[in-house]
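Let the hints inform the model, and build the full structure from the sequences given.
Protein chains: 2
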Amino acid sequence: MNKRVAVIGIGSSKFGRRNDVGIRELTWEAVREALIDAGLTQKDIQLNVIGSTAYRGTEIYPAPPASEYSGLVGKSPIRVEAACATGSAAAFTAINAVASGMADIVLAIGFDKMTEVDTSASLAIGGRGGNYLWEFHMYGTTFPTYYALYATRHMAVYGTTEEDMALASVKAHKYASLNEKAHLRNKVTVEEVLKSRPISWPIKLLDSSPISDGSSAAIFASEDAVRKLHAEPVWVKGIGYGSDTSSIASRGEWTGLKAAKDAAAMAYSSSHVSPTDVEYATVHDCFTIAEIMAYEDLGFAEKGKGAKLLRDGQTEKDGKVAVNLFGGLKAKGHPLGATGLAMIYEVVKQLREEAGPVQHSFKNYIGLTHNVGGTGHYAYVTVLGR
Amino acid sequence: MNKRVAVIGIGSSKFGRRNDVGIRELTWEAVREALIDAGLTQKDIQLNVIGSTAYRGTEIYPAPPASEYSGLVGKSPIRVEAACATGSAAAFTAINAVASGMADIVLAIGFDKMTEVDTSASLAIGGRGGNYLWEFHMYGTTFPTYYALYATRHMAVYGTTEEDMALASVKAHKYASLNEKAHLRNKVTVEEVLKSRPISWPIKLLDSSPISDGSSAAIFASEDAVRKLHAEPVWVKGIGYGSDTSSIASRGEWTGLKAAKDAAAMAYSSSHVSPTDVEYATVHDCFTIAEIMAYEDLGFAEKGKGAKLLRDGQTEKDGKVAVNLFGGLKAKGHPLGATGLAMIYEVVKQLREEAGPVQHSFKNYIGLTHNVGGTGHYAYVTVLGR
Numbered sequence: 002m003n004k005r006v007a008v009i010g011i012g013s014s015k016f017g018r019r020n021d022v023g024i025r026e027l028t029w030e031a032v033r034e035a036l037i038d039a040g041l042t043q044k045d046i047q048l049n050v051i052g053s054t055a056y057r058g059t060e061i062y063p064a065p066p067a068s069e070y071s072g073l074v075g076k077s078p079i080r081v082e083a084a085c086a087t088g089s090a091a092a093f094t095a096i097n098a099v100a101s102g103m104a105d106i107v108l109a110i111g112f113d114k115m116t117e118v119d120t121s122a123s124l125a126i127g128g129r130g131g132n133y134l135w136e137f138h139m140y141g142t143t144f145p146t147y148y149a150l151y152a153t154r155h156m157a158v159y160g161t162t163e164e165d166m167a168l169a170s171v172k173a174h175k176y177a178s179l180n181e182k183a184h185l186r187n188k189v190t191v192e193e194v195l196k197s198r199p200i201s202w203p204i205k206l207l208d209s210s211p212i213s214d215g216s217s218a219a220i221f222a223s224e225d226a227v228r229k230l231h232a233e234p235v236w237v238k239g240i241g242y243g244s245d246t247s248s249i250a251s252r253g254e255w256t257g258l259k260a261a262k263d264a265a266a267m268a269y270s271s272s273h274v275s276p277t278d279v280e281y282a283t284v285h286d287c288f289t290i291a292e293i294m295a296y297e298d299l300g301f302a303e304k305g306k307g308a309k310l311l312r313d314g315q316t317e318k319d320g321k322v323a324v325n326l327f328g329g330l331k332a333k334g335h336p337l338g339a340t341g342l343a344m345i346y347e348v349v350k351q352l353r354e355e356a357g358p359v360q361h362s363f364k365n366y367i368g369l370t371h372n373v374g375g376t377g378h379y380a381y382v383t384v385l386g387r
Numbered sequence: 002m003n004k005r006v007a008v009i010g011i012g013s014s015k016f017g018r019r020n021d022v023g024i025r026e027l028t029w030e031a032v033r034e035a036l037i038d039a040g041l042t043q044k045d046i047q048l049n050v051i052g053s054t055a056y057r058g059t060e061i062y063p064a065p066p067a068s069e070y071s072g073l074v075g076k077s078p079i080r081v082e083a084a085c086a087t088g089s090a091a092a093f094t095a096i097n098a099v100a101s102g103m104a105d106i107v108l109a110i111g112f113d114k115m116t117e118v119d120t121s122a123s124l125a126i127g128g129r130g131g132n133y134l135w136e137f138h139m140y141g142t143t144f145p146t147y148y149a150l151y152a153t154r155h156m157a158v159y160g161t162t163e164e165d166m167a168l169a170s171v172k173a174h175k176y177a178s179l180n181e182k183a184h185l186r187n188k189v190t191v192e193e194v195l196k197s198r199p200i201s202w203p204i205k206l207l208d209s210s211p212i213s214d215g216s217s218a219a220i221f222a223s224e225d226a227v228r229k230l231h232a233e234p235v236w237v238k239g240i241g242y243g244s245d246t247s248s249i250a251s252r253g254e255w256t257g258l259k260a261a262k263d264a265a266a267m268a269y270s271s272s273h274v275s276p277t278d279v280e281y282a283t284v285h286d287c288f289t290i291a292e293i294m295a296y297e298d299l300g301f302a303e304k305g306k307g308a309k310l311l312r313d314g315q316t317e318k319d320g321k322v323a324v325n326l327f328g329g330l331k332a333k334g335h336p337l338g339a340t341g342l343a344m345i346y347e348v349v350k351q352l353r354e355e356a357g358p359v360q361h362s363f364k365n366y367i368g369l370t371h372n373v374g375g376t377g378h379y380a381y382v383t384v385l386g387r
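Those sequence lines, one after another, are chains H and A.
My numbering puts the first sequence at residues 2 to 387.
My numbering puts the second sequence at residues 2 to 387.
Hints should not be assumed to be uniformly reliable.
One copy or any two copies: either way a pair holds, since identical chains are not told apart in the list.
As the list claims (entries may be wrong) - Calculated lysine-lysine pairs in the DSS-like style (CA-CA distance at most 30 Å, straight line):
(1) 44 - 259
(2) 4 - 44
(3) 44 - 304
(4) 304 - 318
(5) 196 - 309
(6) 4 - 229
To be clear, the hints were calculated from the coordinates, so they are not data collected in a lab.
Small disclaimer: the values here were computed from a predicted structure and weren't measured.
Structure representation (structure tokens):
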């Protein structure tokens with residue numbers, strides 16, 4: 002990129018079933034926190050990018066009411082969507098707007114209120130985010146089924162087991178229990194995961210992320226603005242994106258996501274960072290198998306060895322590369338539009354050493370986010386550092 | 002902006018009731034034309050930004066199928082939406098991605114297939130793009146009514162008449178009759194407009210843009226890429242954006258759009274161009290009154306004198322500032338996601354002197370696009386030049 006871009010403010014709402022708020026109030030929770038964190042007011046924001054899938058609630062054009070309620074009238078010309086990677090798409094758009102010189106201080110907001118529709122409708126909406134006209138319509142393939150196909154393939158080719166996947170759930174719930182903003186704060190055991198209700202074998206209820214409401218926000222700034230504001234920056238060192246066919250039957254492999262590998266390659270190359278440099282990562286664990294695939298797609302483990310990395314505890318706090326110490330999508334929750342910005346929130350918290358009970362110990366202060374949209378239709382990898 | 006950005010390829014589908022195609026084929030019509038125009042193939046495209054409101058058809062996540070059908074797998078990580086300004090939001094995102102150094106060659110696609118829902122549903126969707134929870138829900142205010150409120154106010158304060166507005170319709174239909182890609186190619190007279198069915202007085206059927214299907218595309222490139230490709234560039238000289246409250250009752254005035262004035266001020270300032278420099282413009286004439294307001298918001302006429310500019314023929318071909326010589330939203334059609342990029346298509350055609358029967362004569366080769374979203378929720382103004 003032409004200009005350096007920093008994150009200078011972050012905010013996130015409590016995730017969960019948020020019947021207490023509409024999208025306006027929900028969004029404001031994250032925006033308020035991000036503004037306070039940066040020491041700014043709405044007047045300082047030059048451009049506001051909104052990430053929301055407009056999940057089938059009452060508002061089908063949610064950007065104007067949400068931005069207006071947050072006091073951002075005049076600055077909010079755009080909503081972006083990339084299914085479950087929507088929050089990262091908002092960050093990408095905001096980062097480009099700073100790096101292009103279009104604006105010096107840009108706020109990215111991500112939110113969705115998914116519990117406004119019931120669970121079966123939610124599965125159908127998700128299915129339409131897969132491959133609508135063929136795989137969903139003809140076979141009824143919804144997201145748990147897609148990830149069950151990845152899981153069975155990974156089991157068959159690499160010997161990954163249901164117990165391995167359960168470990169990802171145990172880890173997620175353990176860390177979410179320490180995160181006041183997490184949706185699910187109960188701890189679970191391997192036995193509980195294995196005995197939980199099958200959704201689409203081998204995916205069980207406790208292998209699956211919940212349906213959550215939430216919002217997250219990040220303020221991006223140019224080097225000039227960082228200097229003027231005497232801000233404490235976390236720098237965007239590189240960003241990568243990928244996309245792939247929506248049809249899983251047309252993919253070249255079923256044990257990893259090409260979009261994520263492409264995004265990782267671009268992010269590593271643009272940041273001059275290699276997988277072994279990464280000390281903290283938030284990865285897209287919408288289902289437990291997705292966390293194992295992410296380790297491999299990001300190069301933290303060799304192909305087929307993702308489960309071993311997990312079993313060896315190398316992705317725990319103070320492990321070789323700590324992953325999802327805020328509870329992950331699996332337990333912290335996964336409000337589609339918010340997730341990518343929640344990932345940036347977490348990596349920034351870690352890099353600033355403000356993560357309290359889950360603070361990881363850094364040497365080189367390099368972190369990344371890995372956010373997947375659809376069943377691998379979209380992916381973004383963002384490398385951050387101090 | 003940090004880097005100069007050029008338009009090096011443009012394409013547009015036939016607009017109209019396109020029951021002959023789905024969104025995949027519809028999108029490809031514009032992409033194919035743009036690639037051929039630029040002398041490129043899909044391999045040359047580094048990033049593809051998709052603008053679509055995902056108008057309530059079968060595909061609620063339309064970006065993956067549309068981009069995949071156009072051969073853009075791997076390059077399509079993002080969909081953007083800004084209601085009726087969606088196409089400009091896609092251009093804005095693409096321009097920033099080039100100017101930031103993220104990519105050298107970026108394709109922006111805009112499309113919507115609005116006739117997949119019936120007209121009454123379409124009005125309701127439009128109304129939800131207004132101010133949903135209050136003005137639409139409580140008063141049933143849909144888009145013709147919003148613009149009827151602007152029109153009556155303009156009539157009361159500035160003496161604008163129904164005949165003045167009819168002139169905008171007559172002009173639009175006259176030029177659309179010369180445009181093979183236009184939705185409505187019949188000529189109309191002032192009398193026919195005045196006698197046409199009232200929709201929401203003083204807005205009549207022939208004051209209103211039709212409900213159209215269509216797609217448009219533009220390829221943006223860095224100066225380096227222009228040089229390497231020996232392309233014939235049209236330069237993006239400046240871009241401005243604005244946004245405003247969705248509640249018309251909360252606006253400060255009802256005879257112009259603050260978002261559009263803000264966008265124009267930013268675009269003029271960033272391009273070092275003044276309103277009198279502009280020789281060709283495409284303006285957002287979703288209803289005839291909107292064209293008259295646009296003249297004033299863009300500074301082509303003094304406040305209250307927009308109708309006079311029209312009456313004096315100064316916005317005709319070879320007038321002081323020619324406007325909408327391809328038929329405008331009013332007669333060419335207004336497929337929401339496509340419109341902003343169709344405007345860029347037209348200005349580029351004019352600046353390249355490829356506009357055939359509607360070619361305007363230029364001295365300084367300065368054109369602009371003016372694209373409004375919602376009832377003034379969003380606006381983009383883009384200044385282009387050779």
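Consistency of the hints with the structure:
1. 44 - 259: between (41 Å within a copy, 17 Å between copies)
2. 4 - 44: The answer is both: 23 Å in one copy and 27 Å across copies each meet 30 Å.
3. 44 - 304: between (48 Å within a copy, 28 Å between copies)
4. 304 - 318: within (23 Å within a copy, 64 Å between copies)
5. 196 - 309: For residue 196 and residue 309, the Cα distance is within 30 Å only inside one copy (22 Å; across copies 77 Å).
6. 4 - 229: Both ways: residue 4 and residue 229 sit 16 Å apart in one copy and 23 Å across, limit 30 Å.
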